[in-house]
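So the sequences go chain by chain: A and B.
Taking my numbering, the leading residue of the first sequence gets 24, the next gets one more, and so forth.
Taking my numbering, the leading residue of the second sequence gets 102, the next gets one more, and so forth.
Warning: the hint list may mix true and false statements.
[As the list claims (entries may be wrong)] When the alpha-carbon atoms are kept at most 27 Å apart in a straight line, the in silico DSS-like pairs for lysine-lysine are as follows:
no., chain 1, residue 1, chain 2, residue 2
1, B, Lys-331, A, Lys-112
2, B, Lys-331, B, Lys-303
3, B, Lys-154, A, Lys-188
4, B, Lys-191, B, Lys-238
These aren't lab readings, by the way, just hints derived from the structure by calculation.
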Amino acid sequence: MTRMYHRLPVDAYTSQDWFDREQQLIFSRTWRYAGLAEDVPEPGHFISVQAGLNNIFIVMGRDHRLRAFHNICRHRGTQLIRAVGKTQKALTCPYHDWTYDLEGNLISIPDEAKEYPNGVDKSCLGLKPASVDIWRGMLFVHPDPNPPSLVEWFGAVDPLLGPHKPEELVEYPDARQSYEIKANWKIVVENYIDVYHLSHLHSNTLHMYDHARAEYGWKGPHYHFWEPPASDYAKDLEKNLPTPRAIPEPHIGAWVPMLFPGIGLGAGEDSWNIFIITPLGPDLTRVENRTKLANASGWEFQKQEWSSWSFWKDFGGPKYPDSDAIGEDDPMASGDFTAEDIYACEQQQKSLTSPFFEVGPAANGESPVVRHQQAILDFLETQEAGT
Amino acid sequence: MNPNFYSLKVAEIRPEIKGKATSVTFDLPENLSETFRWQAGQHVTLRFHLNGKEQRRSYTISNPPGAPLRITVKRVAKGLVSNHIGDYLKPGDTVDVMPPFGQFSLTPDPVNRRTHYFFGAGSGITPLFAMINAVLKEEPHSVAHLIYGNADSESIIFSKELDKLKTDHANQFTLRHVLSALSLWSWVSPWRKGRVDAEAIKAAVTETPPVAQDVQYWICGPGAMNAGVKQALMALDVPANRIHMESFGGTAVTASSVTGNAANAQVELGGATHEVPVAADQTLLNAILSAGLTPPFSCQSGVCGACKARLTKGQVHMHARMALEDSDVTRGDILTCQSIATSDKLSISFDN
Ligand code: FES
Ligand code: FES
Ligand SMILES: [Fe+2]
């Protein structure tokens, strides 16, 4: 008998089979986050990104328009470019020096006459085009050259994601990080959208927001979430914000949506953050964080830090008091909500292979967890029907 | 396209830029609304009888689909029709109008998310204005950038309307004026001085690079500007299939440095061959009409392609050839309404 974890079999979180299916049918068939728009700042700059089974690169042409291609040499398939770089006009494959222009046309084959005495039709050997677009300051790629537009994909959820204009904010490089979690990617998503855990796991770290008044729901496979500041924090909000406002007054609250598949955003009055979830294996997941703040002077940041100091100096702390902690780096004594989340995900994953694992009833605040499982099932079903 | 004329009543006449152009709005009876449904950027052909002769001109519709049918006609020095419209046409008059046509059109779609760059000059604004309005109304996720060249601030058609669009759609529309004859007393301080040339285009694109990556370029100005803008875009590696352009509709093109010569033309039409004398600088179409024949034609502006024929012998010069693709031209197709003879023997055929 298949053991179930709400809507999905437990297998979906542990087996290579499910992992392969999701890679093929979800992560290789959707718009995938590829970076921030400023990662490709000028004509000639390029980056590549692994999007499910596809490696896609983005390059900016002289017209400042981005082009996306599958990063596969049309000769014997060698990946053409490495992570990031800049070129003038052409991209040359390292293996046999086949060279492509920035439109993807194959423009030269070394020793063409000698190596291909019967001729070779270069016009049929251009790079395979993919798609790229920019949305909310982020780059997205799609393996199909004619995919559904981002309006069709994100249009319905877009108005619920907050008034932020990420393209007008500036990245705070110190907050950029990438780490691995020893858990299935869906465990990480479920943790992100679990409303129930906010007041418990994070009882001492995220209580500046009022979880009881959270508003959340779904637009297709995309989850949206907003909650207002808690009364203590809200009383003197403008003074209490740790950094200058990133959105204009009177907007308040925290927007924490999870877009499909595994694209988390977390934005408040003074910051905008991304939380990109990439499956690496059935029980291994990478998370990438980047943060943007107001485009304000150092002096304004300083003033805001001073004004908010009295609120934050006594705020929060570890969930478990020191006496209960096991050792120096116990995540449950870290006072850091990310460490708390990682800990919870990994501890949960460990039990999924136990024959004694049996899931308990889902709480109200866990309805998003169940709904996300359904979104996975629905998406897989449509994709399988389409193939 | 529907080649019939319908008699429409003029609802409103409004002088633009101090009478140097005229907007004409027509009453469209309910039963013609389907026949006259248009895409932003398309034209209508008007027919007048002036000084005992029939005159046809096509003009761009300067309103987006859904709004009243309106054309905006700039006066041409000594222009027979444009001045007639500016001086004599009044509300209540009826005019023969042929239903909308034209390849230079923008069809908005709410699920599209595009960056549209519009490059225009002078009365080339008319189709662009309709297109911009269509985008702002029907493509809420797209943006429109207009780079608009004029001699001076006095000659900017739709100046107020464009300013209003800019205020009403601050997140979706940018407007940049390029003025070539900048006077000290100008009330508008333009984005640049000079013309809509390669440098201006590069600056515009760098200043407002595309966010939505489905990028389309729409060009409408005098022929020379169009060619220049297209060349400048191609130099930036813009793929040709993203560039859409048209020379001004409406003004019958007369000014041209090329002069024709008198010729004899053999004209194949309706299965018969006729000898037609062509006077120097007379268009082939006019010569054929004067000979009492009935060739197909419509706009007489080089826009619709109705007067197309195949040149099998001799040479002609075409003032404009907007209705033809490059491949048509290589095949020998000509627009007889735009062709003057440059060799003294010609053979053309309407029959294929
Ligand atoms: S594999 Fe790229 S040139 Fe041979
Ligand atoms: S009559 Fe329309 S192109 Fe000649
Ligand atoms: Fe959490």
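These are the hints, each one checked on the structure:
{"no.": "1", "hint": "B:Lys-331 <-> A:Lys-112", "result": "holds (20 Å)"}
{"no.": "2", "hint": "B:Lys-331 <-> B:Lys-303", "result": "holds (12 Å)"}
{"no.": "3", "hint": "B:Lys-154 <-> A:Lys-188", "result": "violated (61 Å)"}
{"no.": "4", "hint": "B:Lys-191 <-> B:Lys-238", "result": "violated (30 Å)"}
Violated hints for the displayed structure, listed by number in ascending order: 3 and 4.
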